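**Q** One letter stands for each residue in the lines below.
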Amino acid sequence: MRKILLFILFFLFNVSKAYSLIEVDITRGNLNPLPIAVSPLFSDSDTKQELDNETNIIKLGEKISEVVENNLRRTGLFNPLEKNAFLQNPDVAHLKPRFEDWKLIKAQALITGQVKFVDEKLRVEFRLWDVLAAKELMALAFTTVPENWRRVGHIISDKIYERLTGEKGYFDTRIIYVAEQGPKTKRIKKLAIMDQDSFNTKYLTLGNELVLTPRFNPTNQMVTYLSYFKNLPRVYLLDIETGIQEVVGDFPGMTFAPRFSPDGKKIIMSFAKDGNSDIYTMNLENRIVNRITNHPSIDTSPSYSPDGKFITFNSDRSGFQQIYVMKSDGTNVKRISFGKGLYGTPVWSPRGDLIAFTKLHKGKFYIGVMRTDGSGERLLTENYYQEAPSWSPNGRVLIFYRETKSNSEGKGFSAKLWSIDLTGYNERQVPTETDGSDPSWSSLLSN
Amino acid sequence: MSKSILLSSAFHAIIIILTIVTIPFVAKKPLDLPPLISVELIQISEKTNIPFAPKAKKIIEKIKEEEKKLVSEQAPPKKVKKIKPEAIPMPDQKVEKIKQLDDKQNPEVEDTKVKQVSEFEKKEIFDPTNIAALIDKSKENLAETDIKSDKITQSQDKSLNNVGLTLSEEDALKAQIFGCWSIPLGLPYNENLMVRIKLKLKPDGTITDSEILDHARMNKPGQNFYKVLAESALRAIQLCQPLRVPSTGYERWKDLQLNFDAREMLEG
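Residue numbers (the working numbering), protein chains in the order written: chain F, 1 to 447; chain Z, 1 to 268.
This is chain F alone, in the form it adopts within the complex (with noise of 0.2 angstroms):
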């Protein structure tokens, strides 16, 4: 009995000492990007000779990871190092780092890797490393032909983005967008698509005919996008792993910006009809059109959320055009732009969070995100004229089109693609072979 009442007593002592210990509540840090060496992925001589006669590809191992650091370097969210600061060999590092020496030049992560040529496939090995913890953080090794060692290097960017921020890397991505080449008059537009690092390009199209919207099916490489035949809108869908393409419908009056339903298995798009423009899907089995919106004024531009359950869109029905959210039936229609200006080309972050969008005030174009209900608005950049923003597919960063104003002689107008993250800090142009308008994202490859 007596000693239950110690033990209690010593229990009480000990929970008051508990109370007693200090916390510090750490609610800052810096948004400065994380420092990381990406040592040159190594091959001995034997893979060196084999890689150089069979592939033409010299110095492989470096160029992946040329690869790996640009996708890294780009998202603003890490610094690769100078790699003439680093102190250790690519081939003693990929063994056992000497974590002291990365240290000294401020690495907090380090890349490792070897290649290797085994049966004629190309084996790619990386291990990712915490030089402040002393640990390793992630192996993983791929196999493939040699011709994807581009791929390869995308895969392992998203692979170490993915184990060092918590979300899904877009790196194994490719942007289709609609190459433009000539006078403003007479623009000549193509179907194109490359790499989300602008490499690979190719274009789909000839530019016998105006191609606009081109919008990635989220679950598959299908494209969907709207062409003129003999100046008549049509729907078309693209598988671009066949090549093949077939035409989804010819719809009367203006049609607008189709896009695919999540799951892929419908198209959702706005037309006018009887002079009234609606929002309207089709089911691409049975090819059966449904009315969503039914109202006098003028509603385009829909995007679905990522569950499906709901959309969004803009329309005139409050006087000025504006972005509003219903139900996918169509019913329980809510405005949830009420700032300043036209607000445009609502798309929903693939993340289900963010609604981003085009929006003019005072002859200035911006683009910007808001929550879904409209709330926490946030104009991330601004310019003369800039639209069609597309999401990544991890919801971090937004590609869209900007122009240049022409001058008096009609000259100096182009259009290039951009991309800013959610920061708004992280602006650049996405370099295109010709002028380059209406991006979209396509999913991860990989998936």
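Don't take each hint at face value.
[Unchecked claim] Quick list of in silico lysine-lysine cross-link-like pairs, DSS-like style, CA-CA up to 25 angstroms:
hint, chain 1, residue 1, chain 2, residue 2
1, Z, LYS227, F, LYS135
2, F, LYS106, Z, LYS174
3, Z, LYS220, F, LYS135
4, F, LYS116, F, LYS83
5, F, LYS411, F, LYS364
6, Z, LYS200, F, LYS135
No wet-lab data here; the hints were simulated from the structure. Bear in mind that the values here come from a model prediction, so they are computed numbers and not experimental data.
Since chain F is already given, all that's left is putting chain Z on it; use the hints.
**A** Same frame as chain F, now just chain Z:
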């Protein structure tokens, strides 16, 4: 008819009686109020200096602040930090005691470090079969401290041990960690992802041990964001050490809990 006459006369009678009773009060002479005398209120404790706990603590803090001011006026703060522990006795007697014992047994500095750690561990390990011994030891410790330390510093230390870090101390620590913590920007702002890390510190602010209090959550499926946040917090601590801890009151902050919460930053 007669009833109503009776009721009316009864009411009238009541009213007449009430008027007779109240009129003398109305006619009463006003009271002779005494002239106003001003009274000055004096804090007796300021004069008598009765050392009961809360006020004594305030006085001690005042004295300490004055001492700090004097020191800062005489010398730059960096130098003071280095000199202070040698010049002014550390307020945590327990550490001193261990050091002194160690000096007798073994003069090497490393030994004191080891003993310090083991002393800490002893407190963490609880043996229910040996409670009496623990109580006895605590009594011995109390007795020793009573004898050894002089009265003023002892009360100072005790009062300091019972409070957390001062605002300036906490701000200095926070500012240091803010600079070291690279927040993973991919984390969702609408999830509860607070990471609590318990630290064991040396008097110079270096970390002897760090423990994530919800460690089990790190390895649970679907907790990638938590894991990333926890790792970033650990990196920040490693990068920051030695931490900017106060030069005195080691007993107060030798165990410290840092709560990392990035929601405010991520929400924008």
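**Q** Could you run down the list of hints and mark each one as holding or not?
**A** Comparing the hints with the structure gives:
Proximity of LYS227 of chain Z to LYS135 of chain F is assessed by CA-CA distance (about 15 angstroms); at most 25 angstroms being required, the pair is judged to hold. For the suggested pair LYS106 of chain F and LYS174 of chain Z, the alpha carbons sit about 21 angstroms apart, so the restraint of at most 25 angstroms is met. Distance restraint check for LYS220 of chain Z and LYS135 of chain F: the Cα-Cα separation of roughly 20 angstroms lies within the 25 angstroms cut-off, and the hinted pair is therefore satisfied. Distance hint between LYS116 of chain F and LYS83 of chain F is fulfilled; the C-alpha atoms sit about 22 angstroms from each other, no more than 25 angstroms.
Note on LYS411 of chain F and LYS364 of chain F: the hinted pairing holds, with a Cα-Cα distance of about 21 angstroms set against a maximum of 25 angstroms. In summary, the hint linking LYS200 of chain Z to LYS135 of chain F is supported, as the alpha carbons are separated by about 21 angstroms, within the 25 angstroms threshold.
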